[in-house]
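Participant: Working from the sequences, and respecting the hints, build out all of it.
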Amino acid sequence: MPTDPSPESPRPESPKPQAPLPAGSVPPPPTGAPRRRAFLRGALSAGVTGVVAGAAGGYAYRATRPAPAGQTALENAEAGVLPPVPFHGKYQAGILPAPQRQTAVISFNATADGRGELVDLFQTITARARFLTAGGTPPPVGIGGPPSDSGVLGPTVVPDGLTVTVGVGSTLFDERYGLASQLPAKLTPMRPFPNDNLDPAQCGGDLVIQLSAGNADTVMHALRDIARHTRGGMQASWRIDGFCSPPRPSGTVPRNMLGFMDGIANPDVSAPAQMDSLVWVQPNTAGEPAWTAGGSYFVVRLIRMLVEFWDRVDVTEQENMIGRRRATGCPLDANSIDATPDYALDPTGDVIPLTAHIRLANPRTPQSADSRILRRAYNYDRGLDQAGDLDIGLVFTCFQQDVKRQFEAVQTRLIDEPLVDYISPFGGGYFLALPGVVDRTDYLGRALLA
Amino acid sequence: MITGIRGLAGASALRVGFTGAEQERETGSWAAATNRSRQAPGGHAVMANSGLPAGERWVRMGPGRFRPGRGLLILAMPGLPFDSSLVGSDVRRAALTAVLALTAGVLAACGGSGTPANQVSVSNGGCGVGWHLAGPGWHTFQVYNGAAEGGEVDLIDPADGAIYAEVTGLGPGTTSPMSLDVGSGSYAFRCLFDDYDPMTGPTVVVGGHVRGAPAILPVTSNDLLAPASQYHAYAAAGLSTLVGQTAALAADVRGGNLSVARGAWLTAHLTYERLGAAYDSFGNFDDEIDGRPDGLAGGVNSPKWTGFYRLEYGLWHGQSGPELARVADTLAADVRALRTSWPSTEINLLDIGLRTHEILENALEFQLTGHDDYGSGSTLATTQANVAGTLELLTILRPLLASRYAGLPAVYTWLDRLQALLNQNKRPNGQWLAVSDLSQSARQQIDATCSQALEELAPIAAITEPRIT
Chain A
1 MPTDPSPESP
11 RPESPKPQAP
21 LPAGSVPPPP
31 TGAPRRRAFL
41 RGALSAGVTG
51 VVAGAAGGYA
61 YRATRPAPAG
71 QTALENAEAG
81 VLPPVPFHGK
91 YQAGILPAPQ
101 RQTAVISFNA
111 TADGRGELVD
121 LFQTITARAR
131 FLTAGGTPPP
141 VGIGGPPSDS
151 GVLGPTVVPD
161 GLTVTVGVGS
171 TLFDERYGLA
181 SQLPAKLTPM
191 RPFPNDNLDP
201 AQCGGDLVIQ
211 LSAGNADTVM
221 HALRDIARHT
231 RGGMQASWRI
241 DGFCSPPRPS
251 GTVPRNMLGF
261 MDGIANPDVS
271 APAQMDSLVW
281 VQPNTAGEPA
291 WTAGGSYFVV
301 RLIRMLVEFW
311 DRVDVTEQEN
321 MIGRRRATGC
331 PLDANSIDAT
341 PDYALDPTGD
351 VIPLTAHIRL
361 ANPRTPQSAD
371 SRILRRAYNY
381 DRGLDQAGDL
391 DIGLVFTCFQ
401 QDVKRQFEAV
411 QTRLIDEPLV
421 DYISPFGGGY
431 FLALPGVVDR
441 TDYLGRALLA
Chain B
1001 MITGIRGLAG
1011 ASALRVGFTG
1021 AEQERETGSW
1031 AAATNRSRQA
1041 PGGHAVMANS
1051 GLPAGERWVR
1061 MGPGRFRPGR
1071 GLLILAMPGL
1081 PFDSSLVGSD
1091 VRRAALTAVL
1101 ALTAGVLAAC
1111 GGSGTPANQV
1121 SVSNGGCGVG
1131 WHLAGPGWHT
1141 FQVYNGAAEG
1151 GEVDLIDPAD
1161 GAIYAEVTGL
1171 GPGTTSPMSL
1181 DVGSGSYAFR
1191 CLFDDYDPMT
1201 GPTVVVGGHV
1211 RGAPAILPVT
1221 SNDLLAPASQ
1231 YHAYAAAGLS
1241 TLVGQTAALA
1251 ADVRGGNLSV
1261 ARGAWLTAHL
1271 TYERLGAAYD
1281 SFGNFDDEID
1291 GRPDGLAGGV
1301 NSPKWTGFYR
1311 LEYGLWHGQS
1321 GPELARVADT
1331 LAADVRALRT
1341 SWPSTEINLL
1351 DIGLRTHEIL
1361 ENALEFQLTG
1371 HDDYGSGSTL
1381 ATTQANVAGT
1391 LELLTILRPL
1401 LASRYAGLPA
1411 VYTWLDRLQA
1421 LLNQNKRPNG
1431 QWLAVSDLSQ
1441 SARQQIDATC
1451 SQALEELAPI
1461 AAITEPRIT
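Quick note, the sequences are listed as chains A and B, same order.
Residue 199 in the working numbering is what sits at position 199 of the first sequence, and the numbering runs on without skipping anything.
In the working numbering, each number is its position in the second sequence, counted from 1, plus 1000.
Simulated from the structure, these hints should not be mistaken for laboratory data.
Hints should not be assumed to be uniformly reliable.
Computed spacing ranges between beta-carbons, pair by pair [what the hints assert, rightly or not]:
(1) B:R1326 to A:E308: 32 to 42 Å
(2) B:R1326 to A:L384: 54 to 64 Å
(3) B:A1410 to A:T441: 52 to 62 Å
(4) A:D311 to B:Y1412: 50 to 60 Å
(5) A:R382 to B:T1200: 55 to 65 Å
(6) B:P1303 to A:G383: 31 to 41 Å
(7) A:Q282 to B:A1442: 47 to 57 Å
(8) B:D1197 to A:V438: 28 to 38 Å
Glycine included, each C-beta is placed from N, C-alpha and C at the ideal position.
Facilitator: Set out below in structure tokens:
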């Protein structure tokens, strides 16, 4: 699952919004009874809203309360005016929320000259993220220079649900900034797996920034703003834009470019205990530098999908490769999308083949439970390849507590799965998403750099 | 771009001239500022402000407002007997009037309806009469032009005329927002309406010790005359050097001494690039001397492609013989023609500030990407020459910038860093590396440093834009 496009990742449970929602953020119960899961996906399909805002503040989903009725969030999403996702919190705000409609992942190398400038860089990124996620009017400059803002979002910057998630790669801990002793225990360059086709120019990076929002203009505005304020401090190396589809024909799970629902199973982001055991680096973890507590290992994999080839495969073979029905998302052994496949009853893979993606990725055994990841997948579209075929696929991202115990374990189980003929991982990297920014005096990476 | 207008009483009285950057860049870079027709060196007409009969190209406006779009104003140039009349009030009326060109219809479409609470009304009978400030902090005024004329409205410190904020090209009956961060100090609106003397309205004092956005003393065209003169002399000296260098280069090519010619080519090309000819400051000569094949049918094989890059392509792609000799001779001849015409060439005053970032904008776009590497792998050397040209402009403008631009030290910091990085990335024998031969980290360091230098340079164009006080 990590590296591949299909779904066996835990489907996100709905984070229940905590007390007061930001003004204007009315999570939409899409249709019918607001099951928790439906509720979340409704928010997702709307592009993320107050639900996420609640999640962002630091996942205290203690207070469950019914969502107000109405389509306001959907309307907000369509109007491009989603409410702000609170920036400050123990954890970065963009990690737990369900995927937003638009995202961009940009890898940078630090060009700051020395530790002092590196601190400036992280403080500047923090300040820009704080402003962009809250929205507001950019300062006037009088006759003193060009406008301080690109104007892409109009004279007043709207938050539009923007989240800014910042991670650091292992190369930041080389000799340049004196950070070698602070290298996170599990942070390495992304290792190649047997069926990968990695392009070094699209791998790795000292920093990664993921920008997600309700609309592409919001994402692009944020990227231009951050880049403009950090020109001398870091230089972009690679970038990919992604989008998340609405669930079709209904329900809660979006489809990827293989036509299958993606992300049906995920740990429950509203359950702090699960997040503490699967997503967040815990304080006093053996071998981990203290500053990593509250961070999360962030894996990005850019995966081309060879869709022309895939489309020439009959649906039974497709479903056997994935292990689910294409139309409904149901496991092949069940009539409900939510059902847990019962592999014990099917030890020889007569129903769900032993090599099916969902079976390899998540064998549903006690031994595999702690290798689960928080999967966040987006579709990408980069035009055409040189043979005229579509260059489209998946921006696979996932968050976890331990990249070796989780992503790499899952990916290792998936080596040589039948699906590998139809996908081609070509880029990405391993990062540690930094701990959150707790207040206005804090900044991203403070515990690392101070 | 529409730039000139007069008689705003009615649409039939409009006189609109088109100049502006876009048009100007198409037609050559020296827009004629006066209604005298001008002949560009080499016979290239530089009638940038076409569209009107010569006599009406620049309309008279009283103490007019000079607010050109990019590329409007021109200046009399040294080298010629200096025509002092060009900098006096005549020029103000004629050359510097520009602007405010916009049809009433266009402007009206931008005006809102209703009267906002923070409206400041200006007209030729009063400039913000009765306006007030509640206190320090961010304010946005809606400046409404109740006059029958177009105009410009500045918010100034009445003590010295320094400008906090400005609204330009404010048409009759239209409203435009003006935002600023108000601190402790004195504030007054100043109105510059066509056909009227400048007016300054009542002063509002904000007490206390709150720091707001600083006001900046406007730079006038008179302030820019000496810098323009210095820049002209700098270019003249460079062109004289270049004439000798391109003549020697042509001789090497004719004589078949191609390895010598490759060295001579680099020397001469860097001399040219140090002149800061970005954005066609040499008009059509720049296309002939330093043009790219991109817009030509046939690309690098086009017979219309001439100049340094054409010669580079030949020298580094095994060409020789009479054909290449013709290219070299043409280059030398074009350089000679440019030098001959230079003394009578005008420099657009506006360009001096613009070039401070435009030279390196071009370097980032064409040199650091490797686009302009036609074989020699010397785009880093070109970038370094462009930095030198930028530093020359800064030296010339420094007296104006020192008190106006707090970011000036940062400009030097980043340009110095860029120079150092460029010098570090050479082969052990001192030869330049092509950008494609750089390590990723070296290339990113250079690109990042150039980009940061550009951010620091960008405000200079706005600050040194010539304004009427």
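Participant: Among all the numbered hints in the text so far, which are the ones the structure does not match?
Facilitator: 1, 2, 3, 7 and 8
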